[in-house]
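Q: Protein sequences appear in the order of chains A and B.
What the first sequence shows, in our numbering, is residues -1 to 219, in sequence order.
What the second sequence shows, in our numbering, is residues 617 to 851, in sequence order.
It is possible that some hints are incorrect.
Said to hold, decoys possible - In silico lysine-lysine, BS3-like type, Cα no more than 30 angstroms apart, as pairs:
#1 B:689 to A:122
#2 A:136 to B:848
#3 B:848 to A:8
#4 B:748 to A:119
Hints in this document: simulated from the structure, not taken from any laboratory.
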Amino acid sequence: MLTSRERIIKRASEEIKDGMNVNLGIGMPTLLANEIPETIDVFLQSENGLLGIGPYPYAGEENADLINAGKETVTARAGASFFDNAESFAMIRGGHIDLAVLGGMEVSEDGDLANWMIPGKMVKGMGGAMDLVQGAKKIVIIMDHVNKHGETKVRKACTLPVTGLKVVDRLITDRAVFDFTKDGMVLTEILGNGTIDDIKACTEASFTVSKKLLEGVSKND
Amino acid sequence: MSAKQVTSMSEIIDVIKDGDTIISGGFGLCGIPEKAILALAEKGVKDLTIVSNNCGVDDWGLGLLLKNHQIKKIIASYVGENKLFETQYLNGELEVELSPQGTLAERIRAGGAGIAGFYTPTGFGTEIAEGKEVKEMDGKMYVLEKAIKGDVALVKAWKGDPYGNLIYRQTARNFNPLAATAGKITIAEVEELVDVGELDPNFIHTPSIYVQHIVEGKSYEKRIEKRTVRKKQLN
Chain A
-1 MLTSRERIIK
9 RASEEIKDGM
19 NVNLGIGMPT
29 LLANEIPETI
39 DVFLQSENGL
49 LGIGPYPYAG
59 EENADLINAG
69 KETVTARAGA
79 SFFDNAESFA
89 MIRGGHIDLA
99 VLGGMEVSED
109 GDLANWMIPG
119 KMVKGMGGAM
129 DLVQGAKKIV
139 IIMDHVNKHG
149 ETKVRKACTL
159 PVTGLKVVDR
169 LITDRAVFDF
179 TKDGMVLTEI
189 LGNGTIDDIK
199 ACTEASFTVS
209 KKLLEGVSKN
219 D
Chain B
617 MSAKQVTSMS
627 EIIDVIKDGD
637 TIISGGFGLC
647 GIPEKAILAL
657 AEKGVKDLTI
667 VSNNCGVDDW
677 GLGLLLKNHQ
687 IKKIIASYVG
697 ENKLFETQYL
707 NGELEVELSP
717 QGTLAERIRA
727 GGAGIAGFYT
737 PTGFGTEIAE
747 GKEVKEMDGK
757 MYVLEKAIKG
767 DVALVKAWKG
777 DPYGNLIYRQ
787 TARNFNPLAA
797 TAGKITIAEV
807 EELVDVGELD
817 PNFIHTPSIY
827 VQHIVEGKSY
837 EKRIEKRTVR
847 KKQLN
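Chain B extracted, bound-state conformation:
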């Protein structure tokens, strides 16, 4: 067994301490590290800074950590799906840093790639640029945005091997491969852990080097936030 492989999330979740910055994969409820979040909610670590595109819903995903008052600060691009969030924010209990979605993705990518910051046109002339350095280059205005690194990154993949190679499924990829690169410790949970050599190296999304711990989760809930369907056409 590879040293990275653990048999349950509870075995490894203690690496997360009070006050840690956690980068979480997921978009809405799609591709979220649901087992790690459940383990965190159970363990009760607090004063967390969460970096995630969204903050779950009231009773699922990162919303569970809000419910337990475990989050001190969140860096996100869109938090509109969560009433708990609103209450805690208005109480002054929760600090919020909004980052445009593409900027957030790039800040995490930069964090994992050893880039301290970057100039982006996104947000120039808006509230988001207030207090940040702006610069004209080739006739266009840019805003300096800083990289984000996490103490821990939590990612969810479809398949993985004991070394931590990961393959994501469809749009459940989203922020996961970025998060994987930007944690000092990256914990990957997968729906299916396969033997070494079974994943085609041509199709690995996250190479093993980024992953410190990998665990196979059982029976994923994979909740759907907005179920939209079309009617079957009758021939």
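Looking at chain A on its own, in the form it has when it is part of the complex:
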């Protein structure tokens, strides 16, 4: 049985396809890098100026000049390139990044994202999150479905300050996958053992259920 975190990471890693240029956010999204199979060729972009992040260095081979956006020591893969931050965000804002996977604090039914600050707590800054959500071709948010108090993070409207409006394309939680389409928010997959009613019970946002999921559910009954 997978932990909720493992379930999110496993499902999110399926978003990464051969030939993509991908930006993985700091924290849980960074862990996806370990799940990319060797059979697919992917360039991971780092906001601080690297396209083609490699694995962590071997102990003793750490290089202070080679870090990722989380300030961790990394390596560069064959075929990598280095550039300055303006160039890096030209890639991001200019729509050249195929996929960005970012963490979330709240997602609304309109696809608004809040992931950069909690009022009353020390403001650390948004880093590159506000640029990424505006520019990458596809924005996938990964987060727990409910917070540690059991309250839903999938909201009608975000209660926290937003990072961007109508920017989320897909939300992957430990319980479900939702797509944000022109027809609204759609439940497309259930992860784990829940039912559609279970997902509704822990979600404040209004959503419809995809035809495929409905058919699949009735087939299993």
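Fit chain B to the known structure of chain A by using the hints.
A: Below, chain B alone, put in the same frame as chain A:
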């Protein structure tokens, strides 16, 4: 010797005055102008406005200037690594302007390139856009962001020549080439100063025109903020 070349940072650091705006290269502790920061900390100029992606850590990088209470205002995208910062901010001692990372980079680039401002989609509908002009173009909403210029820019490169041509190493490039263009006076420090003609013109990152002073630093500390490694595989 080129007129730009100086033998030590202390020789040139006096160009920085109280109240100046300083644009600093670096991302985290990577590629920071560590010799210039040490010289500034020693000299004690105050009321500085610092433009930098981050603000160092408590005992290194720009954190040293925080510790000395030399900074009045900081424009940055992420300042989460620094406890001094938090204390001074909550005291009301330090003014903070958060700018999204890509916007910050572009504001500095614009400052160096003679562009007064630009429209970016970044931050539309967020607190960052409050009080700023917004505009719809081709069906998408944009926020007007203004360029940043510095009285002084502090940059750190890997190699340089006496005219101020610079080459950066790996991700230590980051904000450095942008900062270099946006200072009225740009001070470059390099790990290795080579003779004129030794750097291949095909591979210059910062052309000499942007650099007013260049100095070779000795024994860089180049601290690592987060040391992450993998285990050696046994064959």
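Q: Hints first: check each against the structure and report whether it holds.
A: Going through the hints against the structure:
Taking the CA atoms of residue 689 (chain B) and residue 122 (chain A), the gap is near 15 angstroms; set against the 30 angstroms cutoff, the hint holds. Taken as a hint, the residue 136 (chain A) and residue 848 (chain B) pair is broken in the structure, with Cα atoms around 35 angstroms apart against an allowance of 30 angstroms. Between residue 848 (chain B) and residue 8 (chain A) the CA atoms are separated by roughly 25 angstroms; this keeps the pair inside 30 angstroms, and the hint holds. Restraint check for residue 748 (chain B) and residue 119 (chain A): satisfied, since their Cα atoms lie roughly 25 angstroms apart, inside the 30 angstroms limit.
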